[in-house]
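> Okay, here's what each chain looks like letter by letter:
Number of protein chains: 2
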Amino acid sequence: MKEIQAEILTIGDEILYGQILDTNAQWISAELDLLGVKVVRRTTVGDREADMLYAFQAAEQRADIVIITGGLGPTNDDLTMPMLAAYFQSEIVTNEAVLQHVKDFFEKRGRTFSSLNKKQAEVPANAKILHNELGTAPGTWYEERGKIFISLPGVPHEMKNLMKTEVIPKLSKAYQMPVIYHKLIKTVGIGESTLAEILEEWEAQLPEHIALAYLPSIGHVKLRLTAVGDKRSTLAQDVDQQIKQLLPLAGQFIYGYDATTLEEAVGNLLIEQNKTIAFAESCSGGYIQHKITTIPGSSAFFQGGIVPYHNDLKVNVLGVDEEIISAHGAVSEACVKAMAEKVRTLFKSDIGAASSGIAGPGGGTTDKPVGTVWIAFSDGEQTIAKKLQLTSNRSLNIELTQISVLNLVRKSLKV
Amino acid sequence: MKEIQAEILTIGDEILYGQILDTNAQWISAELDLLGVKVVRRTTVGDREADMLYAFQAAEQRADIVIITGGLGPTNDDLTMPMLAAYFQSEIVTNEAVLQHVKDFFEKRGRTFSSLNKKQAEVPANAKILHNELGTAPGTWYEERGKIFISLPGVPHEMKNLMKTEVIPKLSKAYQMPVIYHKLIKTVGIGESTLAEILEEWEAQLPEHIALAYLPSIGHVKLRLTAVGDKRSTLAQDVDQQIKQLLPLAGQFIYGYDATTLEEAVGNLLIEQNKTIAFAESCSGGYIQHKITTIPGSSAFFQGGIVPYHNDLKVNVLGVDEEIISAHGAVSEACVKAMAEKVRTLFKSDIGAASSGIAGPGGGTTDKPVGTVWIAFSDGEQTIAKKLQLTSNRSLNIELTQISVLNLVRKSLKV
Numbered sequence: 001m002k003e004i005q006a007e008i009l010t011i012g013d014e015i016l017y018g019q020i021l022d023t024n025a026q027w028i029s030a031e032l033d034l035l036g037v038k039v040v041r042r043t044t045v046g047d048r049e050a051d052m053l054y055a056f057q058a059a060e061q062r063a064d065i066v067i068i069t070g071g072l073g074p075t076n077d078d079l080t081m082p083m084l085a086a087y088f089q090s091e092i093v094t095n096e097a098v099l100q101h102v103k104d105f106f107e108k109r110g111r112t113f114s115s116l117n118k119k120q121a122e123v124p125a126n127a128k129i130l131h132n133e134l135g136t137a138p139g140t141w142y143e144e145r146g147k148i149f150i151s152l153p154g155v156p157h158e159m160k161n162l163m164k165t166e167v168i169p170k171l172s173k174a175y176q177m178p179v180i181y182h183k184l185i186k187t188v189g190i191g192e193s194t195l196a197e198i199l200e201e202w203e204a205q206l207p208e209h210i211a212l213a214y215l216p217s218i219g220h221v222k223l224r225l226t227a228v229g230d231k232r233s234t235l236a237q238d239v240d241q242q243i244k245q246l247l248p249l250a251g252q253f254i255y256g257y258d259a260t261t262l263e264e265a266v267g268n269l270l271i272e273q274n275k276t277i278a279f280a281e282s283c284s285g286g287y288i289q290h291k292i293t294t295i296p297g298s299s300a301f302f303q304g305g306i307v308p309y310h311n312d313l314k315v316n317v318l319g320v321d322e323e324i325i326s327a328h329g330a331v332s333e334a335c336v337k338a339m340a341e342k343v344r345t346l347f348k349s350d351i352g353a354a355s356s357g358i359a360g361p362g363g364g365t366t367d368k369p370v371g372t373v374w375i376a377f378s379d380g381e382q383t384i385a386k387k388l389q390l391t392s393n394r395s396l397n398i399e400l401t402q403i404s405v406l407n408l409v410r411k412s413l414k415v
Numbered sequence: 001m002k003e004i005q006a007e008i009l010t011i012g013d014e015i016l017y018g019q020i021l022d023t024n025a026q027w028i029s030a031e032l033d034l035l036g037v038k039v040v041r042r043t044t045v046g047d048r049e050a051d052m053l054y055a056f057q058a059a060e061q062r063a064d065i066v067i068i069t070g071g072l073g074p075t076n077d078d079l080t081m082p083m084l085a086a087y088f089q090s091e092i093v094t095n096e097a098v099l100q101h102v103k104d105f106f107e108k109r110g111r112t113f114s115s116l117n118k119k120q121a122e123v124p125a126n127a128k129i130l131h132n133e134l135g136t137a138p139g140t141w142y143e144e145r146g147k148i149f150i151s152l153p154g155v156p157h158e159m160k161n162l163m164k165t166e167v168i169p170k171l172s173k174a175y176q177m178p179v180i181y182h183k184l185i186k187t188v189g190i191g192e193s194t195l196a197e198i199l200e201e202w203e204a205q206l207p208e209h210i211a212l213a214y215l216p217s218i219g220h221v222k223l224r225l226t227a228v229g230d231k232r233s234t235l236a237q238d239v240d241q242q243i244k245q246l247l248p249l250a251g252q253f254i255y256g257y258d259a260t261t262l263e264e265a266v267g268n269l270l271i272e273q274n275k276t277i278a279f280a281e282s283c284s285g286g287y288i289q290h291k292i293t294t295i296p297g298s299s300a301f302f303q304g305g306i307v308p309y310h311n312d313l314k315v316n317v318l319g320v321d322e323e324i325i326s327a328h329g330a331v332s333e334a335c336v337k338a339m340a341e342k343v344r345t346l347f348k349s350d351i352g353a354a355s356s357g358i359a360g361p362g363g364g365t366t367d368k369p370v371g372t373v374w375i376a377f378s379d380g381e382q383t384i385a386k387k388l389q390l391t392s393n394r395s396l397n398i399e400l401t402q403i404s405v406l407n408l409v410r411k412s413l414k415v
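The listed protein sequences derive, respectively, from chains A and B.
Just so you know, the numbering used here puts 196 at position 196 of the first sequence, and the rest follows in order with no gaps.
Just so you know, the numbering used here puts 102 at position 102 of the second sequence, and the rest follows in order with no gaps.
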């Protein structure tokens, strides 16, 4: 089977000049990799005609598929549509369906449709339209000289939605792909190298057609098993077989598979056990509740919570005993336990969880340096607290506190 | 003055396949931009000989400076050194100073120096060494055929240190640079096309040496002014002059400049006015408080907040009148106003702000479809509420609610 090769082309001075980080190219790369398409090159050029035309030409020579992002706004520095028209020697036409969509899009949001917005409906005559329901710039698809060109908006959520709903299904049809089956195994609470040591023998015995990759990110390590073969159902069975052997070794760290997030894993446990939760967040500042409420339907298990940032509020609103704070400070085992217990009763939930710590960069002392964080879980029968010694970086400390609290809840519910 | 152009070349399969995000290229771009070097292209290729050689050649044709990162590890798939030697028809030699540094580096850390690590001292004979004090792979510098090639390790902190201590000082000496001055003007509450219409005449009268770009992201549009000339102070004056003319046209939408975020702008206004704030977040689920608490020192103006996700909590903890909810529902002007007022008094802050809406995907009705959101601001003298009609996308609705609430606070404080 011929390997299908792709090139990703990012258009935009703001990327070249380092003003924004190109997260689109990574996301597209990972999606194509899952599909079995090999990305052979990524290129970023600015909003200049000659650079764009040269990049189209070079990409067409090298790759089967060229995916272009960006340069689709309504302003004059957005050149992707006219340059694609020039490249394919096609003319620019107004697509009536897109124009109607743009008008509807503005009307629905109570915004005024202007003549400038008409430009969004101007596409090369040889383009097939990929309907962008989340925005005004359409995706477009070109099949010329045996190659496929795809142009997508640079706005990440619009690009991702178009990839999922239009591009990936159409690419799967366009080529005969090898069957690749991926499974992500998601772990929390263990570092990459420790996990790799635990799994050394298991990894060594994996059959030839199954490969393992470690994908670490902040607070998490994902294991990706990739099986290559002819039949999806057989590959899925082979992978499941390996996971069965993995569970006795590392099961306690695994919170889910594939797209499942830690907050979803916690939500699912709460739903299964018919329990509700409330949070009292000091140093994590509402981030745990934000994560929980990204889940559609989270009102089934999430009562609510409080961010008692100032100590007065821990006492006067949440009801923590003033003497606990004066004797031990707010960043203490006694205070975080009281916070978890009090938010549980005040918010009438089955479970309360809490954080209190020094996120930094200021506020540290010799006894309690920046990165000292207490977290707690309470279910009415018992209250468990844990001390974390994190980093000197504020945003990292907030992220790690959020993960640690959710993992503490997960582990406590699992028992 | 001749414009100095650079190309950034990233080497590595792990980048191409989307396993890691290339943050190096953005960082280098931003540094070169500050220096007055124009990045004209970024390219990423995998660990393959032909792809690397082709990329060297293409980059040399286009740019004055080629900066290469990655491919310098001790394993066989790291090819940057041998490929640079092949490209310059130079031979590979062992650099004794680098070899000694690698040995010392291992000894200092109690690690065993192996024959594999000797490879780190093997460099092309025509290379000047850039000493990498933080790691084992040296940077190298080549001047050939009037062009400069620079190879740097892919490990971000090693690369950054080499850029700061070696590359930037050497580049500043090698070229007489044009001066480039950028200013980002950050707006909220207006779409790109509406803003472009308002600014059409202003844009048309910009002097030739100042260029404007629109950089939209969710809920925000950044305007970037780029001035090119001889003297930084003159350019800064020229740009400030243009901004002065912009303010009467679009000043109400501008919350800050350059790196300032909307939450920082709101924080700065609160600090200036010596006021504190508290939030009652229903549909935004703690996200506004998370944004506010990412700011170091936010405890100076942020009292705390509550996420009364269930209606019971709006009544029993926050103190909203039960009759308001039974008469108008929680997603209503009366309820969101009461939430802003009650959180202000309960949390003893000068200002209270609130959100209540249907984030989706479920929960919509004919009267209140998904995306219906009420937001409010209260300062004890007046309470202002605003209705938003957002999208069908949950995470987008949460993001837009957060931005809209902070913008409502900003505008109310500005009056």
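No lab work stands behind these hints: they were computed from the structure.
There could be a bad hint or two in this list.
Note that identical chains are pooled: a pair holds if it fits in a single copy or bridges any two copies.
[What the hints assert, rightly or not] Straight-line distance between alpha carbons at most 25 Å, and here's what the computed DMTMM-like set of lysine to aspartate or glutamate pairs gives:
1. LYS275 x GLU96
2. LYS160 x GLU192
3. LYS348 x ASP321
4. LYS231 x GLU60
5. LYS103 x GLU192
6. LYS386 x ASP238
7. LYS147 x ASP51
8. LYS386 x GLU107
9. LYS387 x GLU3
10. LYS222 x ASP33
11. LYS118 x ASP238
12. LYS231 x ASP350
13. LYS108 x ASP230
14. LYS222 x ASP77
15. LYS160 x ASP13
16. LYS387 x GLU133
17. LYS348 x GLU322
18. LYS183 x GLU144
19. LYS231 x ASP13
20. LYS128 x GLU49
21. LYS368 x GLU96
22. LYS348 x GLU192
23. LYS387 x GLU122
24. LYS103 x GLU3
25. LYS2 x GLU14
26. LYS348 x ASP312
27. LYS38 x GLU133
> Go through the copies and call it for LYS348 and GLU322: within, between, both or neither, with a Cα cutoff of 25 Å.
both (22 Å within a copy, 17 Å between copies)
> Cα distance capped at 25 Å. Does LYS348 pair with GLU192 within a copy, between copies, both, or neither?
The answer is neither: 39 Å in one copy and 45 Å across copies each exceed 25 Å.
> Between the shortest in-copy and the shortest cross-copy C-alpha distance, which are at most 25 Å for LYS183 and GLU144: within, between, both, or neither?
neither (35 Å within a copy, 41 Å between copies)
> From the Cα coordinates, with 25 Å as the cut-off, is the pair LYS118 and ASP238 best called within, between, both, or neither?
Cα proximity of LYS118 and ASP238: none, with 53 Å in one copy and 33 Å across.
> If the cut is 25 Å between Cα atoms, do LYS160 and GLU192 qualify within a copy, between copies, both or neither?
between (29 Å within a copy, 21 Å between copies)
> Could you figure out if LYS368 and GLU96 sit no more than 25 Å apart (CA to CA) within one copy, between two copies, both or neither?
For LYS368 and GLU96, the Cα distance exceeds 25 Å both inside one copy (64 Å) and across copies (31 Å).
> Are the CA atoms of LYS108 and ASP230 at most 25 Å apart within a copy, between copies, both, or neither?
neither (47 Å within a copy, 48 Å between copies)
> 25 Å Cα cut-off: does LYS275 pair with GLU96 within a copy, between copies, both or neither?
neither (52 Å within a copy, 52 Å between copies)
> First find the shortest C-alpha distance between LYS222 and ASP77 inside one copy, then the shortest across copies, and answer within, between, both or neither for a cut-off of 25 Å.
between (40 Å within a copy, 14 Å between copies)
> Using 25 Å as the alpha carbon limit, work out where LYS222 and ASP33 are close: within a copy, between copies, both or neither.
within (16 Å within a copy, 33 Å between copies)
> Are the CA atoms of LYS387 and GLU3 at most 25 Å apart within a copy, between copies, both, or neither?
neither (50 Å within a copy, 53 Å between copies)
> Could you place LYS348 and ASP321 in one of the four classes (within, between, both, neither) given a Cα distance threshold of 25 Å?
both (19 Å within a copy, 19 Å between copies)
Consistency note: the structure conflicts with the earlier hints numbered 1, 4, 6, 9, 11, 12, 13, 18, 21, 22, 23, 24 and 27.
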